[in-house]
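J.: Those protein sequence lines, which keep their order, are chains L and E.
Per our numbering, the very first residue in the first sequence carries number 1; after that it's consecutive.
Per our numbering, the very first residue in the second sequence carries number 1; after that it's consecutive.
Quick caveat, the hints were computed from the structure, so don't treat them as lab data.
Beta carbons: idealized from backbone N, C-alpha and C, even for Gly.
Be aware that a few hints might be false.
Claimed, not checked - To be clear about the criterion: a stretch of chain L counts as covered by chain E if any three or more of its residues have a C-beta under 8 Å from a C-beta of chain E, and this derived list gives those stretches:
no., region
1, 59-71
2, 95-105
3, 112-123
4, 325-339
There are 2 protein chains.
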Amino acid sequence: MKKFIRISLLATCMTGGLCSAQIPASVIEDFKPSSANQEGKEYPQVNSEGRVRVQLSAPEAKMVQLDIGAVKYDLTKDTSGIWIGESAPQDEGFHYYQLNIDGASVPDPGSLYYYGASRWGSGIEIPAKDQDFYALKNVPHGQVREHIYYSKTNTKMRRCFVYTPPDYDKDIQKRYPVLYLQHGGGENETGWTAQGKAGLIMDNLIAEGKAVPFIIVMDNGSWRMPERDRTVPQSERPAGQWPPKGWADGFMKTLLDDIIPMIDANYRTLDDQQNRAMAGLSMGGMQTRIITLANPNVFAYMGMFSGGSISTEDIENAPGFKEKVKLVFISFGSSELENRRPGFGGDPKENTEKLKEAGMNAHFYVSPKTAHEWQTWRRSLYQYAQLLFK
Amino acid sequence: MKKFIRISLLATCMTGGLCSAQIPASVIEDFKPSSANQEGKEYPQVNSEGRVRVQLSAPEAKMVQLDIGAVKYDLTKDTSGIWIGESAPQDEGFHYYQLNIDGASVPDPGSLYYYGASRWGSGIEIPAKDQDFYALKNVPHGQVREHIYYSKTNTKMRRCFVYTPPDYDKDIQKRYPVLYLQHGGGENETGWTAQGKAGLIMDNLIAEGKAVPFIIVMDNGSWRMPERDRTVPQSERPAGQWPPKGWADGFMKTLLDDIIPMIDANYRTLDDQQNRAMAGLSMGGMQTRIITLANPNVFAYMGMFSGGSISTEDIENAPGFKEKVKLVFISFGSSELENRRPGFGGDPKENTEKLKEAGMNAHFYVSPKTAHEWQTWRRSLYQYAQLLFK
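Throw the hints in and build the complete structure from the sequences for me.
T.: Right, dumping it as structure tokens:
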């Protein structure tokens with residue numbers, strides 16, 4: 001019944017553009033501050049149903065709304081000028097949201113801020129039954145390093161974040177495999193550690209002996225053609241060559257010519273194909289598909305989280321891929337598959353089954369009761385990391 | 001004349017609490033997006049006078065204000081519902097600010113967000129004539145590492161950021177001196193790299209051969225007494241002992257018992273007194289004063305940026321300090337000294353002169369035309385870093 005209500009709200013929003021929803025009086029009063037709040041801030045809060053309650057002092061405002069999951073919820077004002085209200089129950093995990101104050105869309109001053117939807121904005125955590133796998137624990141922790149470097153391809157300074165596993169600075173002779181891990185559209189190089197909790201996921205997996213230690217490189221895959229190449233018509237740009245045809249092969253050149261050599265020069269990597277993986281979510285998954293199909297000599301493992309799938313036709317057109325690539329990992333959130341969006345290039349589960357029949361090591365994972373959001377991708381990384389470099 | 005206007009506005013605010021200011025029509029129309037904007041955002045902007053112009057779409061709002069430097073500026077609305085307006089000229093450097101929408105204080109959706117005033121909020125950069133010393137350049141860059149560790153003193157997991165100099169991972173036999181660098185009140189462990197640009201300042205100094213390479217540790221000095229010790233009356237807590245009397249000796253125990261041993265165990269440090277420095281801004285400067293006076297066997301260099309000074313009486317009551325400490329560095333912004341606030345413990349310049357007369361290596365630095373803000377502290381670090389470990 002809850003699910004039916006949520007789906008019908010979404011349908012209303014999609015047809016009508018803007019929409020708003022009133023919440024019934026039967027809200028369970030066990031709200032607690034969100035774990036994604038700023039230190040010491042009481043709001044936003046979440047209850048055991050997964051409803052989000054926000055509060056804002058705006059004595060002179062006419063209307064304040066909570067905007068989360070493509071639905072707007074009207075808040076109500078008390079006599080002291082404080083607005084308060086709740087959303088419908090949300091899926092477990094992380095969600096972006098914002099407040100609307102008399103027509104202005106702004107971050108909630110109570111939450112921490114995350115980069116998504118092409119802007120820094122509010123985020124909230126709905127406690128998940130499986131949240132232990134990304135919890136902060138007293139286990140050995142790796143480091144997340146901000147690394148600034150010059151990119152010849154982009155003729156400018158760039159930044160990536162590099163996760164080094166807990167023992168990286170203990171045994172200074174040991175070399176490690178590397179995963180190149182990409183964010184989604186409208187996100188950036190901060191997403192996988194902040195929203196994705198990639199560092200904590202790896203620390204916990206390594207502490208439990210479930211994953212071999214490896215380095216993770218998180219760079220910015222949002223790609224704009226340099227000014228100097230914008231005069232070349234798109235029709236004259238063959239895929240994989242320069243000037244590139246689009247965002248995927250544009251980032252491919254940066255990754256192959258700048259990022260990988262820079263990482264191999266600055267970290268104790270195992271720098272051969274057998275010890276190199278790529279994965280990404282959504283747009284990052286589509287980039288992973290194009291880049292690994294075109295470079296089976298570079299990557300031995302590939303993962304696409306909510307970013308489509310690979311068909312037998314794809315690998316027939318990618319010489320060496322079938323023989324050299326040791327893992328194809330495809331994942332989705334369950335409600336993405338239920339409300340399947342066009343453009344995924346065929347049924348992803350069927351595609352993955354056919355890869356298995358063709359003799360590839362292909363895995364298909366579905367995150368229970370999640371959509372095109374970060375809980376799907378945290379769980380995907382958790383599954384994928386356990387299959388790498390073994 | 002400009003200066004007189006700004007001071008009189010401040011005076012009005014201080015006596016009246018809230019205040020607002022109207023800007024004359026003679027604003028110079030050479031506004032450019034702030035370098036602290038989110039990627040691709042056109043507003044906020046800054047002009048050559050140092051005025052800040054903000055813009056916000058809020059069609060239904062009655063009143064929108066820019067709140068910067070303890071002054072509120074009313075914006076005006078155009079026919080499409082977009083509010084726009086400017087501040088008076090601001091000092092060079094970084095400033096926290098916020099928007100007020102019908103009584104709600106919120107971050108500007110166009111700016112990046114920084115932790116200060118005990119919340120994540122908007123920041124803006126007024127281009128400074130000397131900004132080259134913290135510019136992002138194509139020079140060798142150090143890394144800023146997020147380091148998670150367990151603190152026995154606080155019985156919980158903590159986080160610090162560690163700057164390692166550019167060659168740290170090249171010559172893996174070399175060991176480095178360490179500076180422990182503290183933020184101010186209402187700030188946290190992110191301040192020195194985000195607002196303070198400590199990493200870029202060091203990269204540039206090292207590239208020019210003006211500073212010796214050293215490690216910088218930036219931890220959280222905001223200290224709350226653990227629940228278990230709150231029953232002990234403050235009068236029964238001798239300074240420097242546990243349970244501690246306040247924030248300075250509370251952080252002192254965390255620093256001495258947890259942070260320094262953790263850093264020496266995990267980084268290639270030179271771990272003796274001669275190779276260890278401490279400095280901090282405002283509250284962090286006051287902590288540096290108390291901690292280094294009490295521990296001359298631990299630190300050889302100390303710096304207080306806008307955080308008071310040290311008198312000859314202080315060092316007479318601190319056995320070993322005069323003999324063992326190789327540098328006392330005291331700094332302020334020029335307008336802090338002009339509008340001198342009470343509680344600094346005597347005239348800081350006179351105090352520093354007396355330390356020199358007593359035979360100590362004492363430095364006094366004044367940042368031109370800046371107040372109790374980050375441009376003062378960036379310049380202070382730039383000066384201080386050149387004096388360390390030589």
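J.: Run every hint past the structure and note whether it holds.
T.: Structure-based check of all given hints:
Given as covered by chain E, the region 59-71 of chain L passes the check, having 6 residues with a CB less than 8 Å from a CB of that chain where 3 are the minimum. Closer than 8 Å: that is the beta-carbon criterion, and the region 95-105 of chain L has 6 residues meeting it against chain E, so the requirement of 3 holds. Requiring three or more residues with a Cβ within less than 8 Å of a Cβ of chain E, the coverage given for the region 112-123 of chain L holds, as 6 such residues are present. Residue count for the region 325-339 of chain L with a Cβ under 8 Å from a Cβ of chain E: 0. That is fewer than the three needed, and the coverage hint is violated.
The structure does not agree with numbered hint 4 stated previously, though it agrees with all others.
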